[in-house]
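S.K.: Starting from the known structure of chain A, arrange chain B on it as the hints suggest.
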Amino acid sequence: MSAYHPDDMTLMNYAAGSLSIPQALAVSMHLCFCHECRDLVKNFNHLGGALLETIKPASTEDEAFDSLMASLEPHDHSDTPKVKVDMGSAEKITQHFNNPLLRYLPTSLADLPWQRQTKEISKFDLTSLLNIKGFQVALQKINAGAKVPTHTHKGFEYTVILSGGFSDELGVYHEGDFIARDTSHKHSPTALQNEDCICLTVLNAPLKFTGWQRIFNPFMAWH
Amino acid sequence: MRHQMTTTKARSMNDSSAANDTPDWGALLARVAEHDDKAAFREIYKHFAPRIKAYAINQGFSQHAEVLVQEVMTSVWRNAGKYSEALASVSTWIFTITRNQRIDMLRKLNRTRAEVVIETEDLWQIPTEDTTICSIQNLSTEKFVKNAIDKLPEEQMIALRKVYYEGKTHEEVAEELKIPLGTVKGRLRLSLQKLRVMFEAKEL
Chain A
54 MSAYHPDDMT LMNYAAGSLS IPQALAVSMH LCFCHECRDL VKNFNHLGGA LLETIKPAST
114 EDEAFDSLMA SLEPHDHSDT PKVKVDMGSA EKITQHFNNP LLRYLPTSLA DLPWQRQTKE
174 ISKFDLTSLL NIKGFQVALQ KINAGAKVPT HTHKGFEYTV ILSGGFSDEL GVYHEGDFIA
234 RDTSHKHSPT ALQNEDCICL TVLNAPLKFT GWQRIFNPFM AWH
Chain B
69 MRHQMTTTKA RSMNDSSAAN DTPDWGALLA RVAEHDDKAA FREIYKHFAP RIKAYAINQG
129 FSQHAEVLVQ EVMTSVWRNA GKYSEALASV STWIFTITRN QRIDMLRKLN RTRAEVVIET
189 EDLWQIPTED TTICSIQNLS TEKFVKNAID KLPEEQMIAL RKVYYEGKTH EEVAEELKIP
249 LGTVKGRLRL SLQKLRVMFE AKEL
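Heads up: the sequence lines are chains A and B, in that order. Just so you know, we're using my numbering here: the first sequence kicks off at 54 and counts up by one. Just so you know, we're using my numbering here: the second sequence kicks off at 69 and counts up by one.
No wet-lab data here; the hints were simulated from the structure. From a predicted model like this one, the values you see are computed outputs, not experimental measurements. Mixed in with the good hints, there may be bad ones.
Under the rule of at most 16 Å between Cα atoms (straight-line distance), these lysine to aspartate or glutamate pairs were calculated in the EDC-like manner [to be verified]:
#, chain 1, residue 1, chain 2, residue 2
1, B, K253, A, E106
2, A, K239, A, E222
3, B, K253, A, D60
4, B, K211, A, E106
5, B, K106, A, E126
Label pairs and their computed distance ranges (CB to CB) [claimed, not checked]:
#, chain 1, residue 1, chain 2, residue 2, range
6, B, L258, A, P159, 43 to 53 Å
7, A, R156, B, Q261, 33 to 43 Å
8, B, S130, A, H204, 36 to 46 Å
9, A, P127, B, P221, 12 to 22 Å
Not the full set, but computed from the structure, chain A residues with beta-carbon under 10 Å of chain B [claimed, not checked]:
#, residue
10, N66
11, N98
12, H99
13, A103
14, P110
15, E114
16, L121
17, M122
18, L155
19, L165
20, L192
Ideal placement from N, C-alpha and C gives every residue a C-beta, glycine not left out.
In isolation and in its complexed conformation, chain A is listed as follows (with noise of 0.2 Å):
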């Protein structure tokens, strides 16, 4: 279980959906591991239900329906029975959550052609492979033991362990962590002894915000 989790703003925009897909990247990653922030989110997707309910419905017109209905296919009842449901099971069984990255790496973790930074770090860049803009999306691997040199972000880096861990200046980092910094940090991070520090960075680069500029906002406002 991690200790280090987004914000509830943060967790709450991500349900409101106004983050921008790099920041859900982060996001849905450390999901895959907490299932603590999976039920917030669900209750933050709770609270989108609610709100739906209790919202002024704007007037449709009526032609609309007809118009649907003639463009809407059968349903295909080949499928399968659903999945039954234990209906009088008091047990929690907590929300599955897949690994939103997992199907767009060529290979496995362990076998991506990471580019070397210096002898201890390396990279592999999704920024391109993602078609990002405006962000720098990575897996950085620092090997077992190693100190990457102290830097300050210009604007903000979001970080989700993916395997291993590391330590700063403001605390030890395991797998599933979720670490924000910005501008006001400046730390030189340390992977852990036993193994190497897999993890997603996703730090935005302060260039231009065109029609994305409104799923941005609500979040960097927070700060």
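M.R.: Quick look at chain B alone, frame taken from chain A:
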């Protein structure tokens, strides 16, 4: 005798007002999935389409609001069989579909090259039936969330709604309500704290 009847009637109306006024959306969806039931789908449409449209307008989709409604309702028709009340209420399920379709539409409008793009559905996953969560607990949690937001002070609820539902920035909310930015942030922070306390109390 007469008195007794009135009380019974009054009570039954109170008790079941929620159940009677609100159709069983889950059952209607099942009829759509199993029998391609157009009447059932029309009922769902009549209730949800105007709400989805209001959401779309709030999110700034003025011209495309009706397109979003049609996309969402198409998805509701196609995926009706995947809905499971063990996972969420129909309104929450439809909200998650609406949110994802909205993101999809925005992404398509902004896409310049047809390259591999991470699917919205991978980032905002909608639980399907192989994801099993205990039904009773889930629906009671949902009712609980509804009660929880009813308990939030109105000024906090307004701020929360503008950020959550209208996709507004904190600055925009401050400007609209003519209050300082710090006050907006404070109200949001308080509302989230309260929600979390209520969520956590529920889990114990």
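S.K.: Now tell me if each hint is right for this structure.
M.R.: Results for each hint:
1. B/K253 / A/E106: violated (25 Å)
2. A/K239 / A/E222: holds (9 Å)
3. B/K253 / A/D60: Holds - the C-alpha atoms of A/D60 and B/K253 are around 14 Å apart, at most 16 Å.
4. B/K211 / A/E106: holds (12 Å)
5. B/K106 / A/E126: Given pair B/K106, A/E126 holds - Cα atoms ~12 Å apart, limit 16 Å.
6. B/L258 / A/P159: 43 to 53 Å: holds (46 Å)
7. A/R156 / B/Q261: 33 to 43 Å: holds (37 Å)
8. B/S130 / A/H204: 36 to 46 Å: Roughly 43 Å apart at Cβ, these two residues keep to the hinted range, so it holds.
9. A/P127 / B/P221: 12 to 22 Å: Given a distance of about 49 Å, which is not inside 12 to 22 Å, the answer is violated.
10. N66: At about 8 Å, which falls below the 10 Å cut-off, the nearest Cβ of chain B leaves the hint on A/N66 intact, so it holds.
11. N98: Status holds, d = 5 Å.
12. H99: holds (4 Å)
13. A103: Because about 5 Å separates A/A103 from the closest Cβ in chain B, which is inside the 10 Å limit, the hint holds.
14. P110: holds (3 Å)
15. E114: Cβ of A/E114 sits 7 Å from chain B, so the hint holds.
16. L121: holds (6 Å)
17. M122: With a closest approach of 6 Å, the A/M122 hint holds.
18. L155: holds (9 Å)
19. L165: violated (16 Å)
20. L192: Hint on A/L192: violated, closest Cβ of chain B at ~14 Å, above 10 Å.
Consistency with the previously given hints fails for numbers 1, 9, 19, 20, ordered from lowest to highest.
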